[in-house]
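Listed here are the chains, written in short residue letters.
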Amino acid sequence: MGGTSAKHAESGLHHAHEPTSFWTKYVFSQDHKVIAIQYTVTALLVGAVGLVFSWLIRLQLGFPGSVSIVQPDSYLQFMTQHGMIMVIYLLTALLLGGFGNYLIPLMIGTRDMAFPFLNMLSYWTYFVSVILLFAAFFVAGGASGAGWTLYPPQSVLEGASPGAGWGVRLLLLSIAVFVASGTMGSLNYITTVLQLRTQGMTLMRLPLSVWGIFVGAVLALLAFPALFVGGVMLLLDSLFGTSFFIPIVNVFGQQLGREGGNPLLFQHLFWYFGHPEVYIVILPAMGLVSDILANHARKPIFGYRAMVWALLAIGGISFVVWAHHMFVSGMNPYFGFWFAAATVVIAIPSAVKTYNWLLTLWRGNLRFPTPMLFAIGFVSTFVAGGLTGLFLGNVIADVPLHDTYFVVGHFHLVMGVSAIFAILAGIYHWFPKAVGRMYNETLGKVHFWVTFVGAYLIFFPMYWMGFMGLPRRYFSFAAVETLPPSVQGLNVLMTVAALAVGAAQLLFVFNMIWSALRGKRAEGNPWGATTLEWQTPTTPPPHGNWGPELPVVHRWAYDYSLPGAPRDFVPQTEPEPQPAAAAKAAKAAKSEPQPEEGSGA
Amino acid sequence: MQGPALAIVIVLLVAAAVGVTVLGIWWLPPLASNWGAIDMMLVITLVITGIAFVAVHAVIAYFVVRYRRARAKRAEFIPDNPKLEKLLIGVTALGIVILLAPGLFVYSRFIQPPPDPLVVEVLGQQWAWGYRLPGADGELGRADPELFAQNPFGVDTSDPKAGDDVLVFPGSPLHLPVGRPVLFKIRAKDVLHSVYVREFRVKMDAVPGLLTQVWFVPEKTGTFELLCAELCGIGHFNMKSSIVVESEAEFQDWLRRQTTVSQAFVPAQD
Amino acid sequence: MEQEALRGLKADWAADRRTFPMSWGKAMMWLFILGDAFVFGTFLISYLAARAAATLPWPDTGKVFALHVGGAEVPLLFVFLMTLILMSSGGTMALGVAYGFRGDRKRAALFVGLTALLGAIFVGMQAVEWTNLLREGVRPWANPWGAPQFGASFFMLTGFHGLHVSIGVLYLAIVAVRIARGVYERRGDYGPVEIAGLYWGFVDIVWIFLFTLLYLW
Chain A
1 MGGTSAKHAE
11 SGLHHAHEPT
21 SFWTKYVFSQ
31 DHKVIAIQYT
41 VTALLVGAVG
51 LVFSWLIRLQ
61 LGFPGSVSIV
71 QPDSYLQFMT
81 QHGMIMVIYL
91 LTALLLGGFG
101 NYLIPLMIGT
111 RDMAFPFLNM
121 LSYWTYFVSV
131 ILLFAAFFVA
141 GGASGAGWTL
151 YPPQSVLEGA
161 SPGAGWGVRL
171 LLLSIAVFVA
181 SGTMGSLNYI
191 TTVLQLRTQG
201 MTLMRLPLSV
211 WGIFVGAVLA
221 LLAFPALFVG
231 GVMLLLDSLF
241 GTSFFIPIVN
251 VFGQQLGREG
261 GNPLLFQHLF
271 WYFGHPEVYI
281 VILPAMGLVS
291 DILANHARKP
301 IFGYRAMVWA
311 LLAIGGISFV
321 VWAHHMFVSG
331 MNPYFGFWFA
341 AATVVIAIPS
351 AVKTYNWLLT
361 LWRGNLRFPT
371 PMLFAIGFVS
381 TFVAGGLTGL
391 FLGNVIADVP
401 LHDTYFVVGH
411 FHLVMGVSAI
421 FAILAGIYHW
431 FPKAVGRMYN
441 ETLGKVHFWV
451 TFVGAYLIFF
461 PMYWMGFMGL
471 PRRYFSFAAV
481 ETLPPSVQGL
491 NVLMTVAALA
501 VGAAQLLFVF
511 NMIWSALRGK
521 RAEGNPWGAT
531 TLEWQTPTTP
541 PPHGNWGPEL
551 PVVHRWAYDY
561 SLPGAPRDFV
571 PQTEPEPQPA
581 AAAKAAKAAK
591 SEPQPEEGSG
601 A
Chain B
1001 MQGPALAIVI
1011 VLLVAAAVGV
1021 TVLGIWWLPP
1031 LASNWGAIDM
1041 MLVITLVITG
1051 IAFVAVHAVI
1061 AYFVVRYRRA
1071 RAKRAEFIPD
1081 NPKLEKLLIG
1091 VTALGIVILL
1101 APGLFVYSRF
1111 IQPPPDPLVV
1121 EVLGQQWAWG
1131 YRLPGADGEL
1141 GRADPELFAQ
1151 NPFGVDTSDP
1161 KAGDDVLVFP
1171 GSPLHLPVGR
1181 PVLFKIRAKD
1191 VLHSVYVREF
1201 RVKMDAVPGL
1211 LTQVWFVPEK
1221 TGTFELLCAE
1231 LCGIGHFNMK
1241 SSIVVESEAE
1251 FQDWLRRQTT
1261 VSQAFVPAQD
Chain Y
2001 MEQEALRGLK
2011 ADWAADRRTF
2021 PMSWGKAMMW
2031 LFILGDAFVF
2041 GTFLISYLAA
2051 RAAATLPWPD
2061 TGKVFALHVG
2071 GAEVPLLFVF
2081 LMTLILMSSG
2091 GTMALGVAYG
2101 FRGDRKRAAL
2111 FVGLTALLGA
2121 IFVGMQAVEW
2131 TNLLREGVRP
2141 WANPWGAPQF
2151 GASFFMLTGF
2161 HGLHVSIGVL
2171 YLAIVAVRIA
2181 RGVYERRGDY
2191 GPVEIAGLYW
2201 GFVDIVWIFL
2211 FTLLYLW
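Protein chains in written order, with this note's numbering: chain A, 1 to 601; chain B, 1001 to 1270; chain Y, 2001 to 2217.
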């Protein structure tokens, strides 16, 4: 079959006409931009619940006994659901489903995703998984309190942990549904990036946002299977009394009729998913930050090729390091050598990315609107959190720190806070494009400062708590007699900071809603950006994105401050002036729609 | 204004972090075992990562002030610099090797217990720790999870080696002799637990259906807390036990006064 | 010379528009198969790990899956027939796709429909097998012969594969009807039939692994 004829046929399938009814336009929409906003809003709402849970956790730790609903069992439930919500239902969904959907088609110059119907299905499947997640709160015994890692046997043995009945079953079902949604999304994103790029958009001209989301989607496609399989087997253990993960156990004097299961098998499956999952979240975040930094530094991203290869290297290595989460799990201790070595090797591509972000700022012409502040905040927290990975990855240094607050501080900074910073940077940065109005800069800056300082106050002290050896997932430290009393002071500080940071997010919500309705009208390209999404005929981009003609790409995405150019940015759609082929180029340029003027303010 | 403000905040932040660390306001609890090498690894890692942390933030702070927007100026077009990139990769790789090589060396000692240690079986259950020490014959009797139905330690009372095993029931402290290598053989009765003694720098999960182990030499006398470091349910935060490290003579004296398997459980009738 | 070829390959791959010279649907099916292969691979590795960890002896599969023919016990006869049917359905599917490309609407519809029928027979036989095993006392949590992980793995793996076959039967039935109605003929593109064929081929291949690891070993 001919490739070209099929291509034409497929292009024709893309939204011959715009849907007009309310339901097809805003609810069961197949437009990638609408789906992106649905994903974003849903994920942020779910995340708000996760944020409230973190308040409850912090209140108990800072002011023990101050909130009556936080008891030893509900503490574990809040903690478990907080982790699950934040990692999967907020970060993964928002970065892939939200930013992936919004940016991929616009940045590669296509009218929509390859499979708009599948895209819609992906969102609604995600929606169902969220319903199931919350349904688990209302069943007998409540939601699971086995930690977001759901380690068996305790997660599925009734009586061994809170919510070990229908709570964990609904959660596992929800995860299985989420995996289905994530897989549908990933297939769509990967196919779209590989097959639908507009003329001139070679792989090495893709903006790093697209690269980050693309590699993240590939990781999702190949890592979610392990979560799915582990989840199904755990569900069978819970529902049908199989013994995949449960050996002979005796719970409170009761000998259970299980036999011959291996709890470590689940840990391997979980972390075979769980480690790439970290990168499913952070690689898209890295991509967004790269583009935002370059734009507001008015400078090309430093070492674009190295950035791409670093993304690919991190993605590849992330599949062979999973058992560094299991150094003291009782697995064969000789595995430790390999997993430690492979893990610290990841530091090299990660460091390359950090250096290149810094060198992007070097000799730039930096401006500091809110997205830029959050992007720099990302680099800072990513480094502050990432470096401590060198303790935890280096097997012997992990032994005293494993499962202490050191770990909590590490992953919150490196993939929680920094991913959220990238998301916030991205939302502020693309808000004028998505909504057509500017957000309020003053509110945005207040939001940044409280969040940035607050995040450090919450999570940095955890490192010293970890050195002191405070185990994580403790409802109270009253029983640990040999802790210095100043620990409680730290806990109070962290709780106050957490409440302040949480409150600052209300400013963000208010800013977004108010600005969407009343904000100043935004120009098509307010940041003076080079990438395609800023060159759309109208803002917000129309249904089908580009009007009658698809854009044609002539250069990479980072021609900022190009010597000799009239402005300090050259859009990707602007032809390369080639003296030899000048006549040809000039001809092509004339038939090109002129990009809108960007103020560069 | 945002540039200088960011620089000031970052400088304050880094200064505070370095200050707290150098002053040692919050630090590891005093070492009480042979694992000084682990402390050394932590210090090496802290120094290297600390340098990187300070350097990166110093650069950010400098750049956001030095290169903040000026109307008349344009950024310099510097797409890359392969030489500089290679140099940075080299420096990073070197730092990593410095961390990894000694780390793996210490780890290889960590996973190889010395010959002839004092073997102590640690049994984790919701939410307490029990212990079993070999009696006069110097060996532990057979144990099997199926036997939890018969006695709380799951010991095979018909095994001739089991009768003189010394039992430390949940709630009672474990005593250990100072200066002698100890090998914990760790079991779990119900769910995952983790043996964690902060002053000894050791940690190892207790996994039902599996026997795990960890070794150390207590080098200071005193009482230490053994905490659970793996989430094991509602009572996780209360699951602790005491370890009393004392002289060999005191230890032997304590050992003699403990209940043995044959005293505690009627041997199985055949 | 070689380097140049390599560079040429890289340039082709990185070129604009499309990385793989195929339709979007086909590209996505390949990606789906890649992801699904990871799912089945993880299932099979987990099964092997669970089997290795099992404390009780593993049942003798030759005896468990034997069929009584005139008083004699023939090991694995029934599952051999199932395998034969599924493998032949792979052949009929290939014919269906080939006739599709040749524009032979009737034959294409016939063979794709036949494939769906064979798939349905396979699922039916699987149901018979499950019923027999259940009657003999095999449960996900226990069985009369040994390790409970046997029943658990068996039902999980064949169930998950059976689900794939069932979905495939539905999928192929729809494709067959669409061929018969001339949907692809009007569009001048029988690509979707090939895409369905890819899926079916994958399900076939997975069965070979399942058959080897679950029944033969």
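A portion of the hints provided could be inaccurate.
[Said to hold, decoys possible] For each label pair, taking beta carbons as the anchor points, the in silico distance ranges come out as:
#1 A:138 <-> Y:2144: 37 to 43 Å
#2 B:1115 <-> Y:2160: 47 to 53 Å
#3 A:27 <-> Y:2181: 55 to 61 Å
#4 B:1223 <-> Y:2063: 37 to 43 Å
#5 A:254 <-> B:1223: 53 to 59 Å
#6 A:316 <-> B:1223: 34 to 40 Å
#7 B:1235 <-> A:316: 41 to 47 Å
#8 A:312 <-> Y:2124: 42 to 48 Å
Think of the hints as simulated: they come from the structure by calculation, not from any bench.
For glycine and all other residues, C-beta sits at the position ideal for the given N, C-alpha and C.
For a quick check of understanding: which of the numbered hints are violated here, in increasing order? 3, 4, 5 and 6
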